[in-house]
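Could you build the full structure based on these sequences and the hints that come with them?
So the protein sequences, as listed, match chains A and P.
Quick note on numbering: the first sequence equals residues 1 to 309 in this note's numbering.
Quick note on numbering: the second sequence equals residues 1001 to 1617 in this note's numbering.
Simulated from the structure, these hints should not be mistaken for laboratory data.
The beta-carbon is built from N, C-alpha and C at its ideal position, and this holds for glycine as well.
Warning: the hint list may mix true and false statements.
Unchecked claim - Stretch-level coverage of chain P by chain A, calculated; a stretch enters the list once three of its residues show a Cβ under 8 angstroms from a Cβ in chain A:
1. 1236-1242
2. 1400-1413
3. 1437-1443
As the list claims (entries may be wrong) - DMTMM-like, lysine to aspartate or glutamate: derived pairs with alpha carbons at most 20 angstroms apart:
4. K290(A) / E1564(P)
5. K1371(P) / E1361(P)
6. K54(A) / D1535(P)
7. K1371(P) / E1445(P)
8. K1139(P) / E1127(P)
9. K294(A) / E1127(P)
10. K1481(P) / E1494(P)
11. K1448(P) / E1361(P)
12. K28(A) / E193(A)
13. K1560(P) / E56(A)
14. K1530(P) / E56(A)
15. K290(A) / E193(A)
16. K1363(P) / D1301(P)
17. K1530(P) / D65(A)
18. K1139(P) / D1096(P)
19. K290(A) / E1361(P)
20. K1371(P) / E193(A)
21. K1359(P) / D1301(P)
22. K294(A) / E1564(P)
23. K55(A) / D1535(P)
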Amino acid sequence: MFRVVINALLILIYATFVGFMFMGIIRKVTARIHRRIGPPIYQPIIDTLKLFGKKENITHGLIYDFGIVFALGATILALMFIPLGNISVLRAYGDLILITFLLEIPMLGIMFAAMSSGNPYAGIGAQRALLTLLAIQVPLGFAIITLAEYYGTFSTYEIVMAQQIHGWSIFHLPLLLAAIAYDIVLQAMFGKEPFDIMIAPGEISLGPMVEFGGKHLGILQVQHAIGLFAETLFFANIFLGGAVITTFSNPILNTLATLVVLLIKQLAVLLLAIFISTIFPRFTIDQAAKFYWKWPTIIAALGAILASL
Amino acid sequence: MNELLLIVFSPLIAGVIAWVIRIRGVREGIGILGALIPLLGLIKAYPSLDHGIKATITVGGFEIGFLLSHMSWVFSMIAVVVGFSATLGMVTTARDNYEWLFALMSLTGVLGVFLAQDLVTFFISWEIMTFASFMMVFKFNRQASLKYFLLSIIGAYAMLIAIGVIYAKTGSFAFSEISAFFRKDAMMAMLGGQPAFSRFDTALVYLLFLVAFGVKAGMFPLHVWAPDAYSETDQSYTAMFSGVLSKAGVYGFILLYILMYGKLMVSLGQFRGAPLFGYIIAFLGGLTIMVGGVLAALQEDIRKLFAYSSISQLGYILVGLGIGTSLGIEAAIYHAISHALFKGLFFLIVATLIYRTGKTEFKDFGGLAEKMPYTFAMAFIAILSLAGIPPLVGFASKWLIFEAVISQNLPILGGMVFFGSAIGFVYLIRFTYAVWFGQRPSDIENTKDAPLPLAIAMGILGALNVIFGIAPGIVARELNKLFNSQVIGGNIWELDLGFGRYNALLVTIWLVIGLLIAAILYFLGASVRKVPVTDTYQSGNPVTMDYNLTIRRNFFLPLKEAVEFWLRISFDKLYRDVWKSIEDFAETARNYIYNGNVQAYAWYLAIILLILAIMGV
Chain A
1 MFRVVINALL ILIYATFVGF MFMGIIRKVT ARIHRRIGPP IYQPIIDTLK
51 LFGKKENITH GLIYDFGIVF ALGATILALM FIPLGNISVL RAYGDLILIT
101 FLLEIPMLGI MFAAMSSGNP YAGIGAQRAL LTLLAIQVPL GFAIITLAEY
151 YGTFSTYEIV MAQQIHGWSI FHLPLLLAAI AYDIVLQAMF GKEPFDIMIA
201 PGEISLGPMV EFGGKHLGIL QVQHAIGLFA ETLFFANIFL GGAVITTFSN
251 PILNTLATLV VLLIKQLAVL LLAIFISTIF PRFTIDQAAK FYWKWPTIIA
301 ALGAILASL
Chain P
1001 MNELLLIVFS PLIAGVIAWV IRIRGVREGI GILGALIPLL GLIKAYPSLD
1051 HGIKATITVG GFEIGFLLSH MSWVFSMIAV VVGFSATLGM VTTARDNYEW
1101 LFALMSLTGV LGVFLAQDLV TFFISWEIMT FASFMMVFKF NRQASLKYFL
1151 LSIIGAYAML IAIGVIYAKT GSFAFSEISA FFRKDAMMAM LGGQPAFSRF
1201 DTALVYLLFL VAFGVKAGMF PLHVWAPDAY SETDQSYTAM FSGVLSKAGV
1251 YGFILLYILM YGKLMVSLGQ FRGAPLFGYI IAFLGGLTIM VGGVLAALQE
1301 DIRKLFAYSS ISQLGYILVG LGIGTSLGIE AAIYHAISHA LFKGLFFLIV
1351 ATLIYRTGKT EFKDFGGLAE KMPYTFAMAF IAILSLAGIP PLVGFASKWL
1401 IFEAVISQNL PILGGMVFFG SAIGFVYLIR FTYAVWFGQR PSDIENTKDA
1451 PLPLAIAMGI LGALNVIFGI APGIVARELN KLFNSQVIGG NIWELDLGFG
1501 RYNALLVTIW LVIGLLIAAI LYFLGASVRK VPVTDTYQSG NPVTMDYNLT
1551 IRRNFFLPLK EAVEFWLRIS FDKLYRDVWK SIEDFAETAR NYIYNGNVQA
1601 YAWYLAIILL ILAIMGV
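This is the structure:
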């Protein structure tokens, strides 16, 4: 029991820290692509601390507060079910479908809070977020189906273990197709261009985020950091082989090596997303829906059919 | 009197009494009693389920037989729990004793369907149910009720023909005998003998039953009656109409499986490991999910939205049934239970909203969460449950359907189910946004919270949503008894399928822990100051209540544009056109045949005589 609590706490702190670093890396790499120096890598942490330090916060009612808390709580919940090497808390229950759903729940909380503010920009942002969610769900679903059919199990941890033996998922053709589709979907899940339609800075004043300030925005920053960590981790687990290192005799060294290997894989996923996002302008929402229902869906469906044969 | 007969007929008797006694107060009490007796009766009968309870009465030379088995107990329990909640709601919303009579009559009908042990009982109960629900709609909207009635009649007579075909060949109405007959027949066909039912006969019976049960379940493309009928009636009654009466169609499909699963499998063959006839049902179910979901998102009327949503959720059940493994069927029944629970709750919420505000369209609502906190809390549970958010019951059942579909290697169906879960999310947020949040129109400023009977009814269903969600094993254990095997493993908190596990208790615990951590972070910050809805960012401009800040119309316009091509294909329009041409034909026939010319009638006589002469009479 005590061990579980310590593990959970460590995972949480590690995920938050790495998530913030990821956010810093996004800003840094984007800046370098634009030939700027950019902020220091720990800048998002400073930003968040500033937000929590505000002397006054506003609220639009109970749901406005609860939605934010719910979003962060659900993100933490999702994190606990994703295997982080061999130190995860609930990896035995890390069912593919469950995690896919859990990764969507934070959106519900943000949406509830945003809409309860009654701001029209938040309303339009919620609409766009929902349509993006609807659009990505089809290729995402097919990618998950491909995985489950190929490995014959829904357990994420068992999929990681299977990859230890048979090699990474992306080296098998059906799963490669699924991974490509999932990677395109990730772009929207991260909220990066060309699919950052729900936030759309400069177009609809940050959409759902428009009314948040102070500690509400601070909590959303933490949520975003953990979410970024969880989503990259999930992708690395199911497509890039995850990592369960057992070469060292010392368990602590093993754990550290696992974390390093996972971190490299997560960074690879993240960098790919940044490179795409810095060179593509934003889609409109109907273009995004039509795009997701066309190419990624075809690719992923092909993968799913190949896997089921 | 046999307790089974009491269970079936007490709603009807109570309904008749409530109809005769026109005293307000007494009528409501009797109505509630009529729905409560079957509930208590079923709970009392539970321990003696294993040897089955039977009751028969003889009417007009037919044996009307009822049998309480595990399967029918589960379905009847859905019916009485939701039916009882709906009658509680009707205490507030029913306008006269007419509604009490027919609402309770339809409860008797649907209990009769679930408890029938032969086709005659089944058909009679089916007709009582259809007629009573038709009368409920008829009082509110003639057009909608006639559409419902016509399609139901087509379904019912398709069933009658199928029953006729079965009786002609087997000589029996009893389920047990028919089922035994078909098993023998299937065996005969496999061994190369001459079966009593040819391939064509089997396919015909299957198609007729597909139409019959498909209409009731709202299966695409036979769903067109549902949006009108569900919305144009007392919304408390719709909790039962959508929650329970649609399950009669589902039960019908299960009955089809019980009667002739093996025979259909042998005659119609397989498709990718799944039986072909099941795959057809599942595929239509998949289309139902998508069509119902997209149309629900585009509705501007709160009742219509939930009507289409109901259709969409029924699609899940059909998908689960269609894949036809024991896991698929258990998942489908599980979803039938959870659909009844959350959709019953939703329609009671709609009833409350309409009762308190008198409005039905999204453009008239807004900001009600502050005025109706209890109803909003219930809506919150229902939303989480329908959208499939763990740890509520909607997730447990959807999860089972996902796993059942994907483990059968049916990728296309899986894609449809995934789309359905996202679209469920989409239309629910639209409901949430337009009704509960944002700016409140001045004419609903003084809205009060739900009246007591409706609040109790919502409380019952809301609590069941949470309890079954956190402890999904309670239902799974009951369902395992249907097959006498451990199809869904695990304990009371956990569902274990071997290739996937879902532990609802752990999800709940960690959700609470996550919420606590988030709450600590939240309370670390400075205190909050409440600001009014007009104190908001509007590109830096000041706003007053005269501005409409909430998007209430055409919320999903981009979606509408993205699927514009598909929206032009409307089955509603097709049916209306077909009906119009039938009417035209009737008119033409009347004009030509009954043309008022005496000589023409003489000619008809001559022609008939000529035909008789040719035939050599």
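TODO: Enumerate the violated hints, using their earlier numbering and listing them in ascending order.
DONE: Violated hints (numbers, rising): 1, 9, 13, 19, 20; every other hint is consistent with the structure.
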